[in-house]
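Peer 1: Could you build all of it, start to finish, from the sequences and the hints given here?
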Amino acid sequence: MLGVPDDRANRPLPAVKTRAGALAPKLDEQTLVERTALGDRAAFEELYRRYFPRLTRFVERMVRRPQVVGEVVNDTMLVVWRKADTYNGQSKVSTWIFSVAYRTALRALGQQREPVEWEPPEVAAPSEAEPENSLSQQQDRRILDEALLHLTAEHRAVIELTYRHDCACREIAQIVGCPVDTVKTRLFYARRRLKLILAQRLGDLR
Amino acid sequence: MSGRIVDFSGSAHRHAQELLPWYLTGTLDEDQHAVVQAHLRSCSACQLDLQWERRLQQACRSTESVWDADCGFAQVQRQLNASDPWVRRLLRRARLGLRRIAPSSRPWIGYAALAQLAAIALLIGLLIERSPSSGEYRTLGAAPAAPANILVVFDSNLRERDLERILRGVGARIAGGPNATGGYLVAVDPARQVVVLQALRSEQGVRLAEPMQLGASP
Numbered sequence: 001m002l003g004v005p006d007d008r009a010n011r012p013l014p015a016v017k018t019r020a021g022a023l024a025p026k027l028d029e030q031t032l033v034e035r036t037a038l039g040d041r042a043a044f045e046e047l048y049r050r051y052f053p054r055l056t057r058f059v060e061r062m063v064r065r066p067q068v069v070g071e072v073v074n075d076t077m078l079v080v081w082r083k084a085d086t087y088n089g090q091s092k093v094s095t096w097i098f099s100v101a102y103r104t105a106l107r108a109l110g111q112q113r114e115p116v117e118w119e120p121p122e123v124a125a126p127s128e129a130e131p132e133n134s135l136s137q138q139q140d141r142r143i144l145d146e147a148l149l150h151l152t153a154e155h156r157a158v159i160e161l162t163y164r165h166d167c168a169c170r171e172i173a174q175i176v177g178c179p180v181d182t183v184k185t186r187l188f189y190a191r192r193r194l195k196l197i198l199a200q201r202l203g204d205l206r
Numbered sequence: 001m002s003g004r005i006v007d008f009s010g011s012a013h014r015h016a017q018e019l020l021p022w023y024l025t026g027t028l029d030e031d032q033h034a035v036v037q038a039h040l041r042s043c044s045a046c047q048l049d050l051q052w053e054r055r056l057q058q059a060c061r062s063t064e065s066v067w068d069a070d071c072g073f074a075q076v077q078r079q080l081n082a083s084d085p086w087v088r089r090l091l092r093r094a095r096l097g098l099r100r101i102a103p104s105s106r107p108w109i110g111y112a113a114l115a116q117l118a119a120i121a122l123l124i125g126l127l128i129e130r131s132p133s134s135g136e137y138r139t140l141g142a143a144p145a146a147p148a149n150i151l152v153v154f155d156s157n158l159r160e161r162d163l164e165r166i167l168r169g170v171g172a173r174i175a176g177g178p179n180a181t182g183g184y185l186v187a188v189d190p191a192r193q194v195v196v197l198q199a200l201r202s203e204q205g206v207r208l209a210e211p212m213q214l215g216a217s218p
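If you read the protein sequences in the order shown, they are chains L and D. Okay, so the first sequence: first residue is 1 according to our numbering, each after it adds one. Okay, so the second sequence: first residue is 1 according to our numbering, each after it adds one.
Everything labelled a hint here was simulated from the structure, so no lab data went into it. Incorrect hints may have been included.
Here are the simulated lysine to aspartate or glutamate pairs, EDC-like style, with alpha carbons at most 20 Å apart [what the hints assert, rightly or not]:
1) 195/L / 18/D
2) 92/L / 28/L
3) 83/L / 29/L
4) 195/L / 145/L
5) 195/L / 146/L
6) 195/L / 140/L
7) 195/L / 49/D
8) 83/L / 28/L
9) 195/L / 53/D
10) 92/L / 29/L
11) 92/L / 29/D
12) 195/L / 154/L
Restraint-style ranges between C-beta atoms, simulated for each label pair [unchecked claim]:
13) 199/L / 155/D: 44 to 54 Å
14) 194/D / 29/L: 44 to 54 Å
15) 115/D / 85/L: 22 to 32 Å
16) 45/D / 181/L: 15 to 25 Å
Predicted, not measured: the structure shown is a model, and the values here were computed from it. C-beta: ideal position from N, C-alpha, C; glycine also.
Peer 2: Below you can see the structure in the form of structure tokens.
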């Protein structure tokens with residue numbers, strides 16, 4: 001049974017309508033998972049829509065191939081639909097869903113027969129129209145995108161979860177299924193590698 | 001800046017270095033936050049690193065997803081409809097219905113309602129069995145299922161309810177699919193196959209509708 005707080009246990013579940021029903025009450029995520037476990041498609045749709053932007057961003061960063069991003073996100077949410085009754089409430093809903101997405105993305109990378117550790121493409125040299133000392137945020141992003149290609153999928157995932165999704169170290173450890181110290185070390189080395197690549201690319205980023 | 005010499009090989013510096021990203025995002029616990037803050041006061045290298053971290057964070061956050069949730073959900077719905085057998089869906093709905101009428105502290109209310117429904121179904125079944133049979137009467141379950149005889153590929157943006165409307169409109173039912181190319185096998189009365197094909201092809205949401213030979217696979 002789901003780990004629902006006692007004060008909610010005796011209440012009948014409130015109705016959920018989604019965008020299609022023009023009414024989307026802000027139910028908490030645990031209630032949505034609980035209702036999904038009972039087969040409520042409207043609750044599932046609400047959960048899907050809430051997580052869709054975050055998941056696509058995360059998976060995009062991990063698998064790098066647009067043609068499989070949608071597939072991985074949908075596979076993730078189908079697992080959520082089928083396994084909602086196994087969610088025990090011990091971690092946050094987001095931690096659970098992201099851990100499913102992480103495993104699904106790694107599996108997708110494996111199916112592409114592409115090693116998780118791979119040889120990245122050459123980093124392009126800065127163009128003349130791009131003065132090294134006056135990089136805009138957009139340029140920063142593009143250069144970062146390029147630099148991230150030099151990291152492993154596991155390293156990219158930790159970077160994304162930390163800086164983009166504001167996940168705490170312990171939460172990331174639960175998502176990627178490794179000890180907290182491993183996450184710290186993984187991020188430490190990912191940042192160090194990024195710095196080297198970016199320094200090579202920009203010269204003065206530090 | 002204190003001008004103090006920082007021991008870069010020291011564990012305090014390494015520890016602070018490891019925690020800097022989470023210091024930046026405000027997700028450290030109180031003790032860890034205090035440790036990093038104290039170290040930052042005396043370490044110019046970490047202060048510089050913090051600026052770098054901030055820039056990295058901004059770059060990471062400056063993109064938004066360009067994917068369409070409506071389209072994604074429509075695909076999931078199709079997969080759910082195809083993979084979730086109707087019996088399982090019915091059971092889930094029954095559980096959901098019971099949950100609505102019966103709070104978990106009194107689950108017997110739900111079971112009582114279920115037992116009542118089962119009893120009513122049994123009585124109806126008995127009545128039907130004892131009613132004079134004309135010989136032509138068949139329950140839906142007893143009707144031999146017509147084999148699939150049309151392959152239909154719907155527009156990928158078609159909503160589930162429009163898909164159902166189209167099929168209901170021509171009197172067809174889904175017998176299988178979607179396959180790898182998004183094709184559905186549908187079954188119609190063989191005598192109406194040509195008419196149904198024409199009707200399907202005239203629908204905007206249908207990309208392809210082709211007759212199938214008996215026993216053929218798409």
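Peer 1: A separate judgement is required for each hint: does it hold in the structure or not?
Peer 2: Results for each hint:
no. : hint                      : verdict
1   : 195/L / 18/D              : holds (14 Å)
2   : 92/L / 28/L               : holds (11 Å)
3   : 83/L / 29/L               : holds (15 Å)
4   : 195/L / 145/L             : holds (13 Å)
5   : 195/L / 146/L             : holds (13 Å)
6   : 195/L / 140/L             : holds (13 Å)
7   : 195/L / 49/D              : holds (10 Å)
8   : 83/L / 28/L               : holds (18 Å)
9   : 195/L / 53/D              : holds (10 Å)
10  : 92/L / 29/L               : holds (9 Å)
11  : 92/L / 29/D               : holds (17 Å)
12  : 195/L / 154/L             : holds (17 Å)
13  : 199/L / 155/D: 44 to 54 Å : holds (50 Å)
14  : 194/D / 29/L: 44 to 54 Å  : holds (51 Å)
15  : 115/D / 85/L: 22 to 32 Å  : holds (24 Å)
16  : 45/D / 181/L: 15 to 25 Å  : holds (22 Å)
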